[in-house]
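K.L.:
In order, the protein sequence lines correspond to chains A and B.
Just so you know, we're using this note's numbering here: the first sequence kicks off at 1 and counts up by one.
Just so you know, we're using this note's numbering here: the second sequence kicks off at 161 and counts up by one.
Hints listed in this document are in silico derivations from the structure and should not be mistaken for laboratory results.
Please note: incorrect hints may appear among the correct ones.
Once the Cα atoms are required to be at most 27 Å apart in a straight line, the calculated DSSO-like pairs of lysine-lysine come out as [as the list claims (entries may be wrong)]: (1) Lys178/B - Lys330/B; (2) Lys157/A - Lys551/B; (3) Lys196/B - Lys141/A; (4) Lys157/A - Lys141/A; (5) Lys470/B - Lys36/A; (6) Lys157/A - Lys196/B; (7) Lys470/B - Lys545/B; (8) Lys141/A - Lys86/A; (9) Lys551/B - Lys145/A; (10) Lys426/B - Lys332/B; (11) Lys470/B - Lys548/B; (12) Lys182/B - Lys157/A; (13) Lys470/B - Lys3/A; (14) Lys68/A - Lys121/A; (15) Lys498/B - Lys157/A; (16) Lys3/A - Lys458/B; (17) Lys157/A - Lys470/B.
Each chain, written out:
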Amino acid sequence: MEKEILRLLMDNARMPAEEIAARLGVSAAEVAAAIKKLEVTNVIKGYTAVVNEESLDENRVMAIIEVKVTPQREGGFDYVAKRISKFPEVSEVYLVSGGYDLRIEVNGHNLNEVALFVSSKLSTIDGVISTVTHFLLKKYKEAGKIIHDEEEYERLKVSP
Amino acid sequence: MKDSKSVRSKNRVAEHIKTVPKSGIRDFFELVNGVKGVVSLGIGEPDFVTPWRIREAAIYSMEKGQTSYTSNLGLLSLRKNICNYVAVNYGVNYRPENECIVTVGVSEALDLIMRAVINPGDEVIYHEPCYVSYKAEITMAHGVPVAVETHEEDGFALDPDELEKKITPKTKMIVLNFPCNPTGATLTLEQKQRIAEIAVKHDLLVISDEIYSELTYENATASIASLPGMRDRTIFLHGFSKAFAMTGFRIGYACGPEDLIDAMMKIHQYSMLCAAITAQRAAEEALISGTPDMERMKEEYRQRRNVIVKRMNEIGLPCMMPKGAFYVFPRIRDTGMKSMEFATRLLNEQKVAVVPGTAFGPCGEGYVRCSYASSMDEIIEATDKIEKFIKSL
Ligand SMILES: Cc1ncc(COP(=O)(O)O)c(C=O)c1O
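With the rest of the complex left out, here is chain B (with noise of 0.2 Å):
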């Protein structure tokens, strides 16, 4: 009998997977994983557990024998604490009963969006340095990734200029993230005023992945979302991973006008049916009592932020003051290493992770991101080792 590698096709993986780099990420986590002992700042998600009365809510449905599908859409009490907790926050109003999906995490909705209204060829223009999913997602769909580049010098802000630059016929979208992973930029109401004027001018859908809006420092700006003309193509994705250190519970959602959330619904219905019930009580509790420990660990991430910062310009390593989410993006350029030389070195050297910026598209040459999601004895400890390390060069 034939071995049956042998008698595999070579074409078994679709093409336009193929393409799909894996995350560089990923590459970097297993290259971690091989070294002992290791101080982290290569984590993209809260050290907090998730505040106990969430938990507690969770075991409680358990217990209580909720272990069943919801609707598709999710528990309608979660959907009517969702969008009055987005219309009291963001101040824009969705109807619970058709203008919200509940998802399992923002990465499920970024994924519908995409898959809902992208057709082959379509354009889809995003910000780098940027989340590693969104350009992934985008192929995934059978989309055109457009990268704009964003700049140190203006704070990793999106230039609206520079982005009405790439706008061609087949634009169909523009994906948002401020505040900003990996930058922690956020921006200006003036410019979420352009961005909304170039995406009604040029007629564009726009996502606003807002998921760590409640991470924003200073002068929190309006969701783009709640501007003149924006309810009606704005797709706004948000989740509790984050701001309520529930990564783990993997539970998000999108609210947007009805049409857009209808064929995102249909895919989740055949794809996913629903998101796991349990998270989604716990996810509920978060917004009716979860405020108070957001806004604890919200404070304690701001002083980290002020002590990492602090650090990192003593250092030598120029870092801008980020207005949002729990990363910092200091330059290393000046030390003559290219992102992944200067990560490889580092962890080999000194055993502290962090994550070469070209993990987050190729302008992120010449910066790691470091997150503050860590503890203050581990920034601290970081920091003295990334010093040892500059001063070692």
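Next up, chain A with everything else stripped away, as it sits in the complex (with noise of 0.2 Å):
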């Protein structure tokens, strides 16, 4: 049942328990108590909306940051990642294979903002090597959502 639920947090997270309980065949009750032991355990680490910027007045800016770290003797690239993960304009960080060691996603009011962050707050940090900084130009799809609008087509009313 968890899996199930997580599931459908996972695509809606404002699902009713009430729905979740009617869907799975339990107890409203039972859905709530699932939900809390997955939000106590940190199963569940919180919940946010998918919102499509451009439909905003406000100017965001958002950029990819590929950056290249020299690993430490002990803890490897946790040190780095960990502190970088502090900065609240930091919204993603991922250890990568490839040409370079961490992928992390940056938002900002606008390019100079963000252009600040990198050149006074991540090159700075002690270990880390280069950064490639590549800003976003157009969204299309996030956390699984489709952002871009999608004519729909409509079935018949009443078939066999």
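If you follow the hints, you should be able to join the two separate chains into one complex; please do so.
P.N.:
Below is the structure:
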């Protein structure tokens, strides 16, 4: 049951416990308790909205930054990665295989703000060798949701 | 000059076609179309779009220029995949070379087998309430349709004893559709075994329309084709419309003994030639990689089923928990209304479309079919409105 609750919440975090209960044929109290447990045990880390920023008036820019790092004798990449994670403007940090080490996502109000973060905060961290910044131009899909609108096709209202 | 109409012979339409009524669903469709803003539980097809990887395979095949006819039986590679799928999932082995034919939906396969085996006057037994095509298909093939009623008390399963009572020296074939449209009923293994014994005893053919078989939520049982003595007398019909959400591709198949497939093939070759190659390629992809998508949709149907059955019973429309397909068949008799009146009033007063049970045979009177191949939001909105309707009575 926990697995299916997680799947439903990952698709729609706002699904009411009553609906989950009716779907799975259990009581709402059981679902609420299971969700509580998932939260307390940190399986569920939080809930966020997937937003189409283009439809906001606000100026926002997002960048993906490739970071090369010298691993530490103890802790490998963890020390630098954890340190970078603490900045609030950083929304995602991954250790990756390939031509660089950390892939991070940074949000800001304008190009300058992001550029400043890279030059004054990120590159100056001990162990960071180099950075390559990619500003995002358009978002098509995020968190499993397709962002651009697709025309809806309507089925017949009654069929055999 | 005379108006051409006045010289028309009165007997332009063949007698055996004249007597076939138009599908009851069609009538109701016309009614629903006249009303704006309808929430529909009347739809007999998945609300999911065909999974992307399957659509993508269709697009790719077009890009590669695969726009030709295929062999009459269908692409051999597709037939190999079908026979493998049937062997793995239904436990019956068919040879792709001559025991399998790819058709334009199960609809065509049904038409082919009826025309291939029925001599004028042969009786064909089918269970009611049932899918709208069986009776008409039998009639159009010059057969005599013989209905066996199924009952709510039996979970709308076909009672083998009642089936046997309908057998006469003219009986040629039995049509089975479990999981069933419109009731969602399934058969237990024991019921299938009894029916198989009856078929063997009376030397009858069996059409098993297994189009909803993947959508079995509890206690899936073996196909009747896999039971002793049945492989040689069963035509196994299946397709991609429901489980893989591919209704618009129009693709299905029949597996069976060589002589019957060969006879079906003759009709198919002259009337249809072959199924569309794009659809065949898409179907192949569905068999190769579509199972995870199918399982996902099935789980969603299962959850919607739980919700709609609970709501119907809360509202006061007694409704059994169906084990398969994506329909519930709640009883509305206790409202004092006939099915058609109930459905029409519900449509006019609350703008909710359900299909009157009588569209599936006279014994569907007192019931309506509600499809849960609609989004959860639609199901909740529709059942809330049905509740209002019931309270207003
Ligand atoms: C029981 C049954 N058989 C056959 C069909 C026809 O399916 P296809 O799309 O494969 O022609 C349907 C469609 O509603 C059905 O419910």
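K.L.:
For every hint, state whether the structure bears it out.
P.N.:
To see whether the hints hold, each was checked on the structure:
1. Between the alpha carbons of Lys178/B and Lys330/B the distance comes to roughly 24 Å, so the proposed pair stays at or under 27 Å and holds.
2. In summary, the hint linking Lys157/A to Lys551/B is supported, as the alpha carbons are separated by about 25 Å, within the 27 Å threshold.
3. Annotation: proposed proximity of Lys196/B to Lys141/A is violated, straight-line Cα distance about 34 Å (limit 27 Å).
4. Distance restraint check for Lys157/A and Lys141/A: the Cα-Cα separation of roughly 30 Å exceeds the 27 Å cut-off, and the hinted pair is therefore not satisfied.
5. Pair hint Lys470/B plus Lys36/A holds up; C-alpha atoms about 25 Å apart against a cutoff of 27 Å.
6. Restraint check: the Cα-Cα separation between Lys157/A and Lys196/B comes to about 11 Å, which is no more than 27 Å; the hinted pair holds.
7. For the given pair, Lys470/B sits about 15 Å from Lys545/B by alpha-carbon distance, which is consistent with the 27 Å threshold.
8. Between the alpha carbons of Lys141/A and Lys86/A the distance comes to roughly 26 Å, so the proposed pair stays at or under 27 Å and holds.
9. A distance of roughly 39 Å separates the Cα atoms of Lys551/B and Lys145/A; the hinted pair therefore is violated under the 27 Å criterion.
10. With a C-alpha separation of about 20 Å, the suggested pairing of Lys426/B with Lys332/B holds against the 27 Å cut-off.
11. At roughly 16 Å between alpha-carbon atoms, Lys470/B and Lys548/B fall within 27 Å of each other, so this suggested pair holds.
12. With a C-alpha separation of about 18 Å, the suggested pairing of Lys182/B with Lys157/A holds against the 27 Å cut-off.
13. The straight-line distance between the Cα atoms of Lys470/B and Lys3/A is roughly 23 Å, inside the 27 Å bound, and the hint therefore holds.
14. For a cut-off of 27 Å, the pair hint linking Lys68/A to Lys121/A stands: about 15 Å separates their Cα positions.
15. Taken as a hint, the Lys498/B and Lys157/A pair is honoured in the structure, with Cα atoms around 22 Å apart against an allowance of 27 Å.
16. A distance of roughly 16 Å separates the Cα atoms of Lys3/A and Lys458/B; the hinted pair therefore holds under the 27 Å criterion.
17. With a CA separation close to 24 Å, the supplied pair Lys157/A and Lys470/B stays within the 27 Å bound.
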